[in-house]
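Undergrad: What follows is each chain in one-letter form.
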Amino acid sequence: MLRVWLILLALAGLASAQVQVRISGWGGTDIAIVNGLLKEVVQPKLDRKGIRVVYQPIEGDYTQWLFNALSAGTAPDLFYVDIFWSESLFASGRVEPLDGYFSKQELAEFLPNLIQAFTYKGKVYGIPKDFNTLALQFNKDLFDEAGVRYPNQQDTWETFEAKLQQVQSKLKDVAGLCVVADFARFGAFAFATGWKPFDAKGHTVLDENFRRAFEWYTGLPRRGAARFAQDLGEGWTGGCFGGEKAATAIEGAWIAGFLRDKAPNMRYSTTFLPLDPVTKRRGNFIYTVSWSMNAASRNKPAAAKVLKALTSPEAQQWVLERGLAIPSRRALANNPYFQRPGKEPELNRVVFQGSGPQGGNVYPFKFLAYGGDWMRPINDALLAVMTGQKGVDQALRDAQAALDRLTGRR
Amino acid sequence: MGAKEAVRRRWAALGWAYGLLLAFGVFFVAPFVMGFLASLKTDPLEWPFRLAFSQVSPKNWAAAWRLGQAGSGDPWLGGMRPGRQVALEVVYFVPRGVEPTLLAEIPRRKPGAGMGAVFETPYASDHVTLEGPIPLERRPAHQEEGEIIRYRLVLRYQGEGPFLERVPLDLEAPRGMVLVEATLDPTRFERRGRVASWDNVTPGLLGYVFHNYVRAFRETRSLETGESLFLRWTLNSFFLAFVKVVTTLVFASMAGYALARLRFPGRQALFLFMLFSMMVPGQVTFISNYLVLRDGIFGLSKLFGVETLLNTYTGLILSGLVGASAVFIMKQFFESIPREVEEAALIDGATPLQTLFRIVLPMSTPALGALAILTFQGTWNEFFWPFIVLTSPREIYTLPIGLLSFRNAYGQVGDWGLILAGGFFSMIPVLILFAVFQRYFVEGVNVGAVKE
Amino acid sequence: MRIKARTLEALYALLLLLPFLFSLGVFFLYAFLRAVYFSFTDYNLFSPPRWVGLANYWALFQEPSFLLALKHTLLYSLVVTSLQTFFALILAIALNRPLRGITFFRTVYYLPSVISTAAASLLLLWLFQRTGLVNQALSLLFSHLPHLAGFALLFLGLQGALVLWERRRGRRTPFLDPGLAAVSLLGAFLGTSAFQAWGLLQAREVRVDIPWLPTRASFLGLPYPLWAIVLMNTYTTIPTFMVLFLAGLKGIPRTLYEAAALDGATPWIMFSRITVPLLRPVLFLVITLGLIGTLQLFDQVLFVGGSGGAPLESTITLAYYVYGNVFPSGATPRVGLASAAALVLAGLTLVIVLLQRRFGVGERGWS
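Residue numbers (the working numbering), protein chains in the order written: chain A, 2 to 411; chain B, 161 to 612; chain C, 9 to 375.
These aren't lab readings, by the way, just hints derived from the structure by calculation. Hints are supplied without guarantee of correctness; some may be wrong.
[Stated by the list, open to error] Quick list of simulated restraints, FRET-style, between CB atoms:
1) A:Arg410 - B:Thr385: 36 to 44 Å
2) B:Ser382 - A:Glu322: 22 to 30 Å
3) C:Ala157 - A:Gly225: 47 to 55 Å
4) B:Glu280 - A:Gly94: 50 to 58 Å
[Stated by the list, open to error] Not the full set, but computed from the structure, chain C residues with beta-carbon under 7 Å of chain B:
5) Phe35
6) Tyr117
7) Gln144
8) Leu146
9) Thr263
10) Tyr265
11) Ala350
12) Leu356
13) Leu358
Glycine residues also receive a C-beta, built at the ideal position from the N, C-alpha and C atoms.
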């Protein structure tokens, strides 16, 4: 009899104490990651606290869905925020600042660059769940065949270019690198020179440093070190690389999945981007996604607990071990996973380290609240110079004018 | 002009006419045929485009059938079961001066894009052991300096274990050594010809020829239920098209009849307004309609416990009950029927409702048939509005939206074979319908065009 | 009593019209009025709309991407409509004869129209890739230009010789006598093959490498990706309009042509003096339908853009501009601006329809 009562009591207790926390992210491969994470790591921990996590992945246009759900008041308690459009969302006031839920110490356990990326007007609005940076992938077979030494982390733009030139001239049908007219790649080189996307007043100035990187990058095809990706029928450097049309690529860890399909047997290796010969530094982007909290959430304390569980060391360890994403905690830098043999752990290690001191001048992949509009003038300039429509002077002048209009300078 | 010559000229003209018709026919059909052929290839973008490729060679059909049979007992879709073994032979040319070392491996391979990257399927390398390559025969080559070596590889699945959908294989040879012949042609060559790679050495006939189709079907699955999404999307499209056809036929006849036969104040104004509504593009109204559905049609849906009608079929159906053009078509048709038929019934005291459903509609089957086909085709192909309303989860997509998500999932990796296969897969149902009802399709155009 | 019958009839009408009135009222009238209202406000779905007067319209015509979308839409619409009307007419005239098995051909020709825009767009994506079928076919064509030239010359030469020979024998033979042309065709084909075999004609190494999709290059004001969509859309809509023309052609009495033939009219005269004037109503209908349909181009833009496809700047259309501003990727929605753009699109459509009413004849003319 007593047992029956105890069970009934326990059930009643469970039923009354259960709090539901709804979380959402985009679909694709993330569904498997979050599902697994919830089942194996997060939910067992939260069961004791009486919190039930309901996960609703969003297929289709995620930002469209999120902005509308927030406006209609139907948004979940926690959701993904991509760094690229984070500021326009944080500015809307619909996202809860997290400083009240996370102590300084807790925040310091994450990579500082990433926390900085989600800080808006002095407040932290998201806890990074994972991230990516750019790295240099190279095809060992092609370098062996051309008899050229592999690129390494001591390479500067000049020595790197020399190697590309050799590969391209030895193997007629292979480009050293295929370059794209995209700030998302070129920007890393511009950052290496010490150039900053915005000055203190929030204006963009394409200065001498920017110009130096611009001339080097756009001149690669002319100097026989690279080909324009479009001329090889590809839209990104990874496409050329996977089709063995180029010996190197400049991509993040996302290239691994692509190569698994396109060229599962390719012998490739990864190193850091080359150094600017003048500043002896590199540059890099941080692409990252956070878990953020709905400001209109009805159970914020519970949501905060879920958020902590989702970004806990155990959770990140779980994700890392499966090679699914690169974790955002500092303590994982020395994780044994990164020391495993194989091309994918190596790629992930280099990408992880790219966010820190070895990455050099690292900036998050966001441009205030301008989004893609800010990159467009620079992309147009890159394209115009690479296709020979404009000279460098003209292209940069035009880009500067367009950026001035956008940022309200002059 | 002699009679004989006139006859000759007429025959020649006929020949030219048919020649021209044939040429047009080739123009209209060729892209589909070529696209279909390409959808069978491993690389649909190969240059030059070959008409004779591995997937259409009878030698490979026979081998795929045999290997599928040996691997799992299923010659169609293949795979491998415990206790089975398959054997493969490959022939290499080894130029003089090259050491013939052939390395074979069953790779641990997993798709990198789409849902295939998500599902945990057993790895063949954990279960299947590889024996070989064993050199069977060496003989000097005829054309070039060197020798020809024939190898044999045996794959054994010993002990207990799961059913394996595919068993991949890699053969790595030093530079210069060339694969001349294989029981089954490799899926692709990698590392500049050094590695010959098979995605599946036990494909079965369908699994080999329709490789991309099988992948599209298998890898696009629902995460919750594991059922094929392609099938789900097709059923969804059918369901929505069917409902729309029914509501359109019923409500358009009702409204069309009222507009054609009954007198009521504001009839002319309503008619003109209807014409106006047909000219306004959907981009104008979708913003408000989206908001209306989001709020559950002025909160009405909350009475039924539904917060929002977005992502529901109820919302999609309610917002598309009947189109103005369908009403217009029915009105025009009813006006073409002589009044006398109905007057007798009306004199007998029948209500307009009874007249419509008992007398007029049974006479209207041609118009209803054409309207049904027209509506079906329109709904089946409709993209914009369902795309706005149905965003999540993937299980509720219609076929066109599903195709877009499919295209986005595989476009980045450039898996055009898979994308093409998805496109052709989606064409099958409507092609069957077209084959059956082709006359109505063609006639429906004329009925529909009257609307403007 | 009489009034009562009237009221009853009106009540019945209301009953019958109810579902339609619901559709029309909620999803059209209300929506349309709201769109008009939104177009005068600043509205982002978050905060309530704020009245701004004509500011959105003003901003619209300052915005480069809108002007680009407008330009693309108008040009695209013009090009596709002319191409599809022209080819559909030609095809309909070719098909409009009492030939055995003509229904079979009609069915086959109709095939591209059955396919959904989604599936057609997937086909398009493949056809217009860098090494896709279109570039391959063009390469094949250009590398065999010598053959084509040789073939054409041989054909003309043979035909000329044959016709001269016939005329010398006193027969009034037109230059394009079908019987002789068949013989010349065969001769030209054999001759070209022979030249090829002797090595007199050789295929050149030509590789056409047009980047149809991932490019911002444009031709005659339209970017390449839109040209790809033009070609594909023309291809899939020709059959529909061909069927319309066929119906129109059926309405033209054969006796007219026979009488003209007796008067010695050439085919061109018959075409321009009989076919076109009598087809005028259908022609206007086809042009209007074509313009309205093409102004709303959206699906293909979505499919052709995206990863592995074309940049947005090269494909943006008005319909896409509207969608993209209501549901922007990672920015706050600009519903006011989008509504204004949508009304511009509606205005364009309305102008076209009014023009057609003004100059063309409505459906009365031919049905």
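Undergrad: Taking the hints in turn, state whether each one holds.
TA: Hints versus structure:
Between arginine 410 of chain A and threonine 385 of chain B the CB atoms are about 55 Å apart, so this pair departs from the stated range of 36 to 44 Å. As the Cβ distance of serine 382 of chain B to glutamate 322 of chain A is approximately 26 Å, the hint placing it in 22 to 30 Å holds. Between alanine 157 of chain C and glycine 225 of chain A the beta carbon distance is about 38 Å. The supplied range of 47 to 55 Å is therefore violated. Glutamate 280 of chain B and glycine 94 of chain A have their C-beta atoms about 41 Å apart, which leaves the hinted 50 to 58 Å range violated.
Against a cut-off of 7 Å between C-beta atoms, the interface hint on phenylalanine 35 of chain C holds, since the closest Cβ of chain B lies about 5 Å away. The interface hint given for tyrosine 117 of chain C holds, since its Cβ lies 5 Å from the closest Cβ of chain B, which is under the 7 Å cut-off. At about 5 Å, the closest approach between the beta carbon of glutamine 144 of chain C and any beta carbon in chain B falls short of 7 Å, and the interface hint on this residue holds. Against a cut-off of 7 Å between C-beta atoms, the interface hint on leucine 146 of chain C is violated, since the closest Cβ of chain B lies about 12 Å away.
About 20 Å separates the beta-carbon of threonine 263 of chain C from the nearest beta-carbon of chain B, more than 7 Å, and the hint is not met. With 7 Å as the threshold, the beta carbon of tyrosine 265 of chain C stays out of range of chain B, its nearest partner Cβ sitting at about 15 Å, so the hint is violated. Annotation: interface hint on alanine 350 of chain C holds; nearest CB of chain B at approximately 4 Å, less than 7 Å. Because the beta carbon of leucine 356 of chain C sits about 9 Å from the nearest beta carbon in chain B, more than 7 Å, this interface hint is broken.
Checking leucine 358 of chain C against chain B by beta carbon gives a least distance of about 6 Å; that is within 7 Å, so the hint holds.
The earlier numbered hints that this structure contradicts are 1, 3, 4, 8, 9, 10, 12.
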